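Number of protein chains: 2
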Amino acid sequence: MTIQTLSGAVNTAANVYFGGKCVSHTVTLPDGTKKSVGVILPAELTFNTGAPEVMECVGGGCEYKLAGSNEWRKSGPGEKFSIPGNSSFDIRVAEAYHYICHFG
Amino acid sequence: MTIQTLSGAVNTAANVYFGGKCVSHTVTLPDGTKKSVGVILPAELTFNTGAPEVMECVGGGCEYKLAGSNEWRKSGPGEKFSIPGNSSFDIRVAEAYHYICHFG
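Heads up: the protein sequence lines correspond to chains A and B, in order. Count along the first sequence starting at 1, add 59, and that's the number in our numbering. Count along the second sequence starting at 1, add 59, and that's the number in our numbering.
Note that these hints are calculated values from the structure, not bench results. Predicted model only: the values in this text are computed from it and were never measured. For every residue, glycine included, the Cβ atom is placed at its ideal position computed from N, Cα and C. Worth double-checking, as some hints may not be accurate.
[To be verified] In silico contact screen, one side only, chain B against chain A (beta carbon under 10 Å); selected entries: (1) M60; (2) N70; (3) V75; (4) S83; (5) H84; (6) T87; (7) L104; (8) F106; (9) S134; (10) G135.
Just chain A, same shape as in the assembly (with noise of 0.2 Å):
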């Protein structure tokens, strides 16, 4: 099951990395908690992090392979993968990722 919704708080303006193949709003919570909502489009990229991530898929789905693996594996709807803090993840999409990413 995938979360159809977040309230919260959203930033009206967008963050865009890559030219736009990743594009997503962050939505403050009530409790000051930061999330955000984004899709990447079709693509392969390298994401680096800086606090912890949990990629949550909410529609489409990607293949992601975590720094010093060498294992692609696929998430699909309502489906997570997390990635500890100062590392990276390699991710590739074929057609659309909607994601939530959940921080710390």
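Given the structure of chain A, go ahead and fit chain B onto it with the hints provided.
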């Protein structure tokens, strides 16, 4: 002055138009009003309206031309323009145009 945040329930799945040249997320306000927050990346696009729309710039800028007009006009941060229902407008963006779309 630009609106920095919108409080409500944001749809976690993005709306992707024109192969990603326009990406938005729908936000439902507590009173049930729907708006969207989005970004248009460098492109020249034509959008059709169903309901009337007001486009409010919250970052970057664009030029737009309403159906039936020959005049390109600029819209920057804090500025709005209105499009009638069942009409269309052309928009061209050199860098990025971050917006809130108000419906009805």
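How the hints compare with the structure:
1. With 10 Å as the threshold, the beta carbon of M60 (chain B) stays out of range of chain A, its nearest partner Cβ sitting at about 12 Å, so the hint is violated.
2. Look at N70 (chain B): its Cβ gets to within about 6 Å of chain A, closer than 10 Å, so that hint holds up.
3. The beta carbon of V75 (chain B) comes within 6 Å of a beta carbon in chain A, closer than 10 Å, and the hint placing it at the interface holds.
4. At about 9 Å, the closest approach between the beta carbon of S83 (chain B) and any beta carbon in chain A falls short of 10 Å, and the interface hint on this residue holds.
5. The closest approach between the C-beta of H84 (chain B) and any C-beta of chain A is roughly 5 Å, which is under the 10 Å cut-off, so the hint is satisfied.
6. Here the hint on T87 (chain B) is kept, as its CB sits about 7 Å from the closest CB of chain A, short of 10 Å.
7. About 13 Å separates the beta-carbon of L104 (chain B) from the nearest beta-carbon of chain A, more than 10 Å, and the hint is not met.
8. At about 17 Å, the closest approach between the beta carbon of F106 (chain B) and any beta carbon in chain A exceeds 10 Å, and the interface hint on this residue is violated.
9. Nearest Cβ of chain A to the Cβ of S134 (chain B): about 15 Å, over the 10 Å cut. The hint is violated.
10. Hint on G135 (chain B) is violated. Least Cβ distance to chain A is approximately 13 Å, over the 10 Å limit.
Against the hints set out earlier in the document, violations occur for numbers 1, 7, 8, 9 and 10.
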